[in-house]
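Chemist: One letter stands for each residue in the lines below.
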Amino acid sequence: MSMPFYVSPDQLMKDRSDYARKGISRGRPVVAIQYADGVLFTTENPSQALYKISEIYDRIAFAAVGRYNEFENLRIAGVRLADMRGYAYDRSDVTGRGLANAYAQTLGTIFSSGGEKPYEVEVFVAEIGDEAAADQLYRLTYDGQVVEERGYAAMGGSAETITTYLAEHWTEQMTLSAAVQLAAAAAGRNDAGEKAIEIGNLEVAVLDRTRSQPRKFRRLRGDVLTALMG
Amino acid sequence: MTDSPRLSPAYLMPGTGSFADFLAQQAPDLLPGSRTLPPGSAADFAPHATTIVAATFNDGVVMAGDRRATMGNIIAQRDIEKVFPADEYSCVGIAGSAGLAVEIVRLFQTELEHYEKIEGNTLSMDGKANRLATLVRGNLGMAMQGLAVVPLFAGYDLAARTGRIFSYDVTGGRYEETAFHAVGSGSLFARGSLKKLYRDDLDADECVTAAVQALYDAADDDSATGGPDLTRRIFPVVQVVTADGGTRLSDERVAEIADRVIGGRMTRPDGPAASLI
Numbered sequence: 467m468s469m470p471f472y473v474s475p476d477q478l479m480k481d482r483s484d485y486a487r488k489g490i491s492r493g494r495p496v497v498a499i500q501y502a503d504g505v506l507f508t509t510e511n512p513s514q515a516l517y518k519i520s521e522i523y524d525r526i527a528f529a530a531v532g533r534y535n536e537f538e539n540l541r542i543a544g545v546r547l548a549d550m551r552g553y554a555y556d557r558s559d560v561t562g563r564g565l566a567n568a569y570a571q572t573l574g575t576i577f578s579s580g581g582e583k584p585y586e587v588e589v590f591v592a593e594i595g596d597e598a599a600a601d602q603l604y605r606l607t608y609d610g611q612v613v614e615e616r617g618y619a620a621m622g623g624s625a626e627t628i629t630t631y632l633a634e635h636w637t638e639q640m641t642l643s644a645a646v647q648l649a650a651a652a653a654g655r656n657d658a659g660e661k662a663i664e665i666g667n668l669e670v671a672v673l674d675r676t677r678s679q680p681r682k683f684r685r686l687r688g689d690v691l692t693a694l695m696g
Numbered sequence: 026m027t028d029s030p031r032l033s034p035a036y037l038m039p040g041t042g043s044f045a046d047f048l049a050q051q052a053p054d055l056l057p058g059s060r061t062l063p064p065g066s067a068a069d070f071a072p073h074a075t076t077i078v079a080a081t082f083n084d085g086v087v088m089a090g091d092r093r094a095t096m097g098n099i100i101a102q103r104d105i106e107k108v109f110p111a112d113e114y115s116c117v118g119i120a121g122s123a124g125l126a127v128e129i130v131r132l133f134q135t136e137l138e139h140y141e142k143i144e145g146n147t148l149s150m151d152g153k154a155n156r157l158a159t160l161v162r163g164n165l166g167m168a169m170q171g172l173a174v175v176p177l178f179a180g181y182d183l184a185a186r187t188g189r190i191f192s193y194d195v196t197g198g199r200y201e202e203t204a205f206h207a208v209g210s211g212s213l214f215a216r217g218s219l220k221k222l223y224r225d226d227l228d229a230d231e232c233v234t235a236a237v238q239a240l241y242d243a244a245d246d247d248s249a250t251g252g253p254d255l256t257r258r259i260f261p262v263v264q265v266v267t268a269d270g271g272t273r274l275s276d277e278r279v280a281e282i283a284d285r286v287i288g289g290r291m292t293r294p295d296g297p298a299a300s301l302i
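Chains as they are written, first to last, in my numbering: chain A, 467 to 696; chain B, 26 to 302.
Any given hint could be a false lead.
Said to hold, decoys possible - Facing chain B, a subset of chain A residues (Cβ under 7 Å, in silico):
hint, residue
1, 483
2, 488
3, 521
4, 539
5, 571
6, 572
7, 659
Stated by the list, open to error - DEER-style ranges, computed between Cβ atoms:
hint, chain 1, residue 1, chain 2, residue 2, range
8, B, 275, A, 581, 52 to 62 Å
9, A, 643, B, 292, 55 to 65 Å
10, A, 695, B, 106, 38 to 48 Å
11, B, 43, A, 685, 39 to 49 Å
Because the hints were derived from the structure by calculation, they are not lab data. From the three backbone atoms N, C-alpha and C, an ideal C-beta is built for every residue, glycine too.
Produce the entire structure from the sequences given, and follow the hints as far as they go.
Modeler: Here's what the structure looks like:
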């Protein structure tokens, strides 16, 4: 009978982190920006059907990078959790914090359990309030950590380069069109340089508190997006 | 409901886009149709909602409901709302046992929104109508004990580019109606009224006026249907659905139309006269 090699917990976790990180850094980045009327997400996505940015509930949106099947599972779970809460209690009882918590616990447990491979995903959960100060943006990593971001954030490939670029150009209370332009420019940057992403390959969506319906999520595409890009 | 912080595996499982199906697996006690009652009729225990009318016009469809809920000879509520948006392009009105009906409407609203979010596109108009039929059918046991729910469903069909109306029976039978329809205790009078008032060239305002007239006639002859309450300024709830989506007409707008209808009834209490031939 062969004895298994001893692997220290440090090494084990490091290996799992490296594995997850490698998968995530291969993905195209997602950029999130808080602007005057809400939160904007942008990414490069040639597909018109397989979205990386989606609606969860009235004021809550989701964006992810990494393995499609894994973040799709998380998205569906989020929609189910939100709809279940909203149906069992009330629509106002569904919160972004609750959702971020459930995701964090799920990702954390999967990461540290030996039985499953870690998810190769990072997730944004955003919730808008009645005014810009009440908006929330959470970034969740593959190991279940939650970071509350302020103003702007990026995840996926070249996230650090993009964040630096955003830090230089982001201002408070941006207009929608300024935010779209900044996000698109940021999403086109990588460690090697920059490129302009074609409008047809941009996936852009906002949580827009000026929308009159209770559901504030809106995709920007076609003529609307072209007009905003100026 | 999950109370553990980690999402239970059922949430992460790929599968149904139907919220009702998910509910049946995860929290069956929350499903309206899953309860059993002791034998006997429960009809007298709960308030009943009454008349709903719907009519199509060129650009879409109008649905209106009176504001009365009754319990036997008692008026249980005088400003109940019985017409709800189902999603952006459809609305649903309810007659029958009020509490159960509102619960079915909530489930139906969640069902449509859930499907839209999970699948990334909206159900077809027929798909929506069929889902509602399933929910009504699930309530059959209750209906046999006197707690029937009979909805009226209407919306704008984006594919066919027209307003459509569906009526239901307690067994979940689904019937598409042409031009106009009414459900509830005052529906016979409302339908008779619409027969004489309806024309297929009505615009949105005229169509709303016809619906308000029909509800007035229903209230005139059916004690369970509430007429316009002039002292409290309570008027019907009216939803208008067009290609631009559904909106609830503001109370002021409905009051204006109701005042005109009442003005006409001051000189001719039976309402506008239709030509004989």
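Chemist: So which of those numbered hints doesn't the model satisfy?
Modeler: 1, 2, 7 and 11
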